[in-house]
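> We have chain A; now place chain B onto it with these hints.
Protein chains: 2
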Amino acid sequence: MLACLEGRNMAENITSPRTDYARWYQDVIREAELADKAPVRGCMVIRPYGYAIWEAIRAGLDRRFRETGHENAYFPLFIPKSFIDKESEHVEGFAPELAVVTHGGGRELEEPLIVRPTSETIINYMFAKWVQSYRDLPLLINQWANVVRWELRTRPFLRTTEFLWQEGHTAHASKQEAVEEALRMLRVYESFAVEDAAIPVIPGIKTEREKFPGAVDSYSIEAMMGNGWALQAGTSHYLGTNFARAFNIQFLNEANELEYVHQTSWGVSTRMVGAVIMAHGDEHGLRLPPGLAPIQVVVVPIWRGDDTRAAVLEECQRLRARLAEDGLRVRLDDRDTQSPGFKFNYWEVRGVPLRIEIGPRDLESGSVTAARRSRPGSEGKHSLPLDEGIAAGIRRILDEIQAELYDQALERREGWTTEVSDYAELSRLIEEKGGFFRCYWDGSREDEERLQEETKATVRCIPIDQPGTSGRCVVSGRETDRIAVIARAY
Amino acid sequence: MLACLEGRNMAENITSPRTDYARWYQDVIREAELADKAPVRGCMVIRPYGYAIWEAIRAGLDRRFRETGHENAYFPLFIPKSFIDKESEHVEGFAPELAVVTHGGGRELEEPLIVRPTSETIINYMFAKWVQSYRDLPLLINQWANVVRWELRTRPFLRTTEFLWQEGHTAHASKQEAVEEALRMLRVYESFAVEDAAIPVIPGIKTEREKFPGAVDSYSIEAMMGNGWALQAGTSHYLGTNFARAFNIQFLNEANELEYVHQTSWGVSTRMVGAVIMAHGDEHGLRLPPGLAPIQVVVVPIWRGDDTRAAVLEECQRLRARLAEDGLRVRLDDRDTQSPGFKFNYWEVRGVPLRIEIGPRDLESGSVTAARRSRPGSEGKHSLPLDEGIAAGIRRILDEIQAELYDQALERREGWTTEVSDYAELSRLIEEKGGFFRCYWDGSREDEERLQEETKATVRCIPIDQPGTSGRCVVSGRETDRIAVIARAY
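Chains as they are written, first to last, in the working numbering: chain A, 1 to 490; chain B, 1001 to 1490.
With the rest of the complex left out, here is chain A (with noise of 0.2 Å):
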């Protein structure tokens, strides 16, 4: 902080992206304010910054939950030892993992309690007992919270023992029907992703040594980061009957006969706000989108001597109000210590997207100038008359802002993806090139291994709109008409 009085070029301390894009994303996380290291092994601290960003994609969540038929509610934070080892491959992808309470209140425990890494097990514990007949079905349900996953490496956001996220849990009389509802949330997800968070998504299904452990299939979203590495940005599973025969949820159908629900589950955690850094940010820090920005438009006083400074505060002031009116997320910055270029550098590195700047020329002129964030100097500038039309005209900047982020991660991806059809060649250019690869995919689990040992790249999913042809698998040969995405991942 004291640092910053000294009048500091934030941007300065943030590392080019394409020097070490690993360092530029610390650089980011740290000068933005968006997080810090926690004085707990692999857990962060989410700063107010951080934590905007995080409620804004709640709120683009939660309305599109609620919009198809979903409500929140709470489970517990602990879950008994027995009910994670009722499901058998749920288990197995889990112990390594688990985080385990085994005292409370001045005494050891009967029976150890997981700090749950995720919650199917005891939700479904509770369905049982709330799902009697067909008529109770389907249970939409949704829940906010921490998760605990101990994990050996992590990076702010994108891998932490701790996180926040939503987890979904359906359950559903058919197969059908559940199927339906989770390809539903992936479609939710997608919608989310590109119409708030201007990331261009690829959504697809999981191979099998990639799914959920105790998912039949696990759909994900993946999206290109800037240094074209692949981010899954949310995941949605097709139960089956896995978690229903493991904690035995029947209900009675029209006929009057038992049957287990068919069950999903889906997910997106804070992971998401680290997507977001990654697939806009540039080498002066965030770039936000609008529909995600904690502050969408920051006014700017530019005085020189006591004489205008009354004026053009009192312009900020009426201007900021009407914006705040509007419905706009603004803020005034009137901080008497620092100067607009500091303020100018301060809102860049934060990403926010709009800029305006008044003066005492602009008093005269009866304009502003307004400057994106998603256009370097002049070039996203634009003199905007200082009239009833304002809010009006800067709310289309904010559409066009929104849209021009989108479409240059979307030209990002377009350009960054290869055909392959060769194995080797593909080994040459995930080095070489990175980026996406598509690639006709018919590998077994062990073809899987070989190309993530040999490349460090991964199958990213088998995208849902496939185009119909068909080749030969880039690994085992094997004639296939799916096409898969494979890129290095995080």
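No lab work stands behind these hints, which were simulated from the structure alone.
Don't take every hint at face value.
In the EDC-like style, the derived pairs of lysine to aspartate or glutamate whose C-alpha atoms are separated by at most 16 Å in a straight line are [claimed, not checked]: (1) B:1343 with B:1357; (2) A:129 with B:1031; (3) B:1129 with A:431; (4) B:1129 with A:33; (5) B:1086 with B:1111; (6) B:1175 with B:1217; (7) A:129 with B:1036; (8) B:1433 with B:1414; (9) A:81 with A:71; (10) B:1129 with A:387; (11) B:1211 with B:1449; (12) A:86 with A:111; (13) A:456 with A:446; (14) A:129 with A:259; (15) A:456 with A:479; (16) A:81 with A:110; (17) A:129 with B:1033; (18) B:1456 with B:1431.
Here is chain B on its own, set in the frame of chain A:
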């Protein structure tokens, strides 16, 4: 659920509050589907309807926190054991209540981790990094989180091993500013309780014996429940420099000297849901204030035979859409499987403030019947013209219901508060009559212990608003000008 289909009256499953208040409370929670017992000792599952009430509480508080300049952030669930040990009163207060993680990722941890019972220690560890200069102050942070306290006797919402809450944590340059903040947040809680929850509360200061471990002064808002017991519905603490010294939170003041910050913390939890249930509920179940009700208005169609069904349903749908557009939280109960009588009970148990009935005769007369949950039988019924002004008319009724619930609760408290000056009489009346007692108070910790042992009542608070008269302390007999509120409490 099957039982419901048989058309039973849910209120029949609710014990009268006059017969057994504790059982009434459990019955209401079960029948209104607010919460369910969890398979983990002392924990509960918050079901969608109960969680929606908590979400409304959260929204009302969060808005007020922002208006008073606070920002949300998120700190780790786990706290190194050594942190808790740093502040001596704090560690003593919480030692018997801690849940301890000893194993993570398949190994025993070098230092056990405490599942946060409250976050003073870990937040102040971070504050020490963030605060350098007076320019960094005040630091005004709030966190929405789950916390864990290993409680011996638990009751849903009122006292559970895990609960949800918000905890505000602030740091200031002076004692005066910090005390002002602690009192400001007490008043924020009061305004929320009064305006949103329709619960009259007494803001006051806690005695030495009842204060938060580690605080210099603790303040609380105390509410009267339906059985005359008190419930502490929110607390705010002036922490002095206790945690600042333990965690070395110092700043350079304007004279360039190092000083410790003065701090506050303040919290409201899911206990507030229990307060709402017990402040307003009656023998038929919940009664929710419109300010917090997840559903403010339920529309129930009444048809006899298929000839009227379509017309009635259409009018109901039109009304639902009109009210929703107006920003009201409205539900149309168009279930074919249930009778209107069943639905009346169903929504009565759930405390929906206003029910609107539409039948064929209403269509003819161009009006609807509105029935208030706050008044029994025909006394609470209105006929409303089904015209353009209906949303405004319903808003007016909801405002009246909000005021009515507040007035009823205030009237109960005033009628059930006794001024007593004699200890023997106090002891007798606590047992015979219950309610709140206003007594001159200048007792020691020992006097308070005697009071509690002999009467099971405690000093709830010394109200901030004092009459300015004086008299003899009801226990010690010492002359004092302070009046305390004494009651049995949750």
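> Which of the listed hints are broken here?
3, 9, 10, 15
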